[in-house]
Amino acid sequence: MYKDTLVQINIIVNPATKSWLLLVLLSVIAIYLPEAIDNRCIYIISVLIIVVIKGQQIVDVFMELNTAPRFWRLIFLSYIVLLPIIITAIYLM
Amino acid sequence: MLPEYTSISYPANFMSNSSIALVHQDRVFPDKKLPGDLAMWFFILAELTVFALFFIGFAVSEQLNETMFSQGKAQLHQMSGLINTIALITSSFFVALALTAMHKAQAKKAVLLLLTAKVFALIYISVKVWEYLSLFKQGITIETNTFFTLYFLITAFHLMHVLLGMVILAFLAYSAWHDKYLNNDLSGFEAGTSYWHMVDLLWIILFPLIYVI
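Taken in order, these protein sequences are the chains called A and B.
Per the working numbering, the very first residue in the first sequence carries number 7; after that it's consecutive.
Per the working numbering, the very first residue in the second sequence carries number 222; after that it's consecutive.
In isolation and in its complexed conformation, chain A is listed as follows (with noise of 0.2 Å):
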C-alpha cells in the first residue's frame, strides 16, 4: 500500500509527466488560437511561440539535455529557437 502511493506519487512528480502534460495543453491551445486572436501577426508569433516552448520541454526534458555539456544544449535550443524565428520572419514579411 505504502509502496504503491509512492510509486504514484513518483509518476506525478516525475518531471516528464509535467512536461507531457504541458505539451498536450499548449498543444490545444495552439489549434484554438484563431478563435482567440485575430490579428494574424500576433496569432503567428504566438503559434511559434508555443512551437519554442514545447521544443525547449522535449530538448530538457525527454531528450535530458538539461543535464549534458552546455555545448550539445545550446546547439538543439538554437534549433529550436532560430527555426521558428526564421518561419515568423518569413511570413511577416
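What the hints contain is simulated information worked out from the structure, not anything from laboratory work.
Even glycine gets a Cβ: it sits at the ideal position worked out from N, Cα and C.
Residues on chain A that point at chain B, a partial pick, calculated with CB under 8 Å: (1) Ala22; (2) Trp26; (3) Ala36; (4) Ile50; (5) Val53; (6) Val57; (7) Gly61; (8) Ile64; (9) Phe68; (10) Glu70; (11) Thr73; (12) Tyr85; (13) Leu89; (14) Ile93; (15) Met99.
Listed below are the simulated DSBU-like cross-link pairs for lysine-lysine, each with C-alpha atoms no more than 35 Å apart in a straight line: (16) B:Lys325 with B:Lys339; (17) B:Lys329 with B:Lys349; (18) B:Lys329 with B:Lys253; (19) B:Lys339 with B:Lys349; (20) A:Lys24 with B:Lys254; (21) A:Lys24 with B:Lys339; (22) B:Lys254 with B:Lys329; (23) B:Lys329 with A:Lys24; (24) B:Lys349 with B:Lys330; (25) B:Lys339 with B:Lys294; (26) B:Lys253 with B:Lys401; (27) B:Lys349 with A:Lys24; (28) B:Lys253 with A:Lys24; (29) B:Lys294 with A:Lys24; (30) B:Lys330 with B:Lys253; (31) B:Lys253 with B:Lys325; (32) B:Lys253 with B:Lys339; (33) B:Lys339 with B:Lys401; (34) B:Lys254 with B:Lys325; (35) B:Lys339 with B:Lys358; (36) B:Lys330 with A:Lys24; (37) A:Lys24 with B:Lys401; (38) B:Lys349 with B:Lys401; (39) B:Lys339 with B:Lys329; (40) B:Lys339 with B:Lys254.
Take the given structure of chain A and dock chain B to it, following the hints.
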C-alpha cells in the same frame, strides 16, 4: 558569493555512468554527460537540418502562393493533426519513462513502457494513413498543386522517420527484455530514445506550420 557545492559519493547504480554528483540545496546534478552515442547526435543534427530546409522552403512557398496555401490548409483535417500531435507527445512521454526505468535497472518495466509508446505511434500512423486516404478520395494527390506536393513530401518523409523509429523502439524493447544493457551501459538505449524524441520534436514544428498557421 559563489554557491556552495559539495561532492558526495553514490552507489554505482544510482545513475548510469555516474558515481559522483554535485549537490546544491535540494537539487542533484549528475556529472554532465551527453546521453547515448555521439554519432547518433550528429545524425540527429543532420536530420534536423534537412527538415529545417523543408520547413523554410514551405514557408517561402506559402508567401509566394498565399491563396493556394490557405485553400490547401482548409482542406486538411486539423483535428487529425491534433490527435497525431497528442499521440506522438504521449509516445515520447512513455519512451522517457522507459529510460527512467532503465536507469533504475527495471528492464521489464521499460519494455512494457516501450510497447505502450509503440501503441501511440500506431495511432499516429493509422490517423496519418486515414488522412492520406481521405485526401485521395477527394481526388487530391501529390500532383494537385505546390501546397499538396510539399504537404505529401514533408509529412511522408516524417512518416518514414516514425516507421524507422518504431523499428528502433522494437529493437530496444527486444534488447532490454534479453538483458542486453548490463553494467549500467545504457548508451545504445539512450541513443534510440533520443532518435524517437527527435521525431516528436520535428512534428511539433511541422504541425503548426502545415496545419495551424
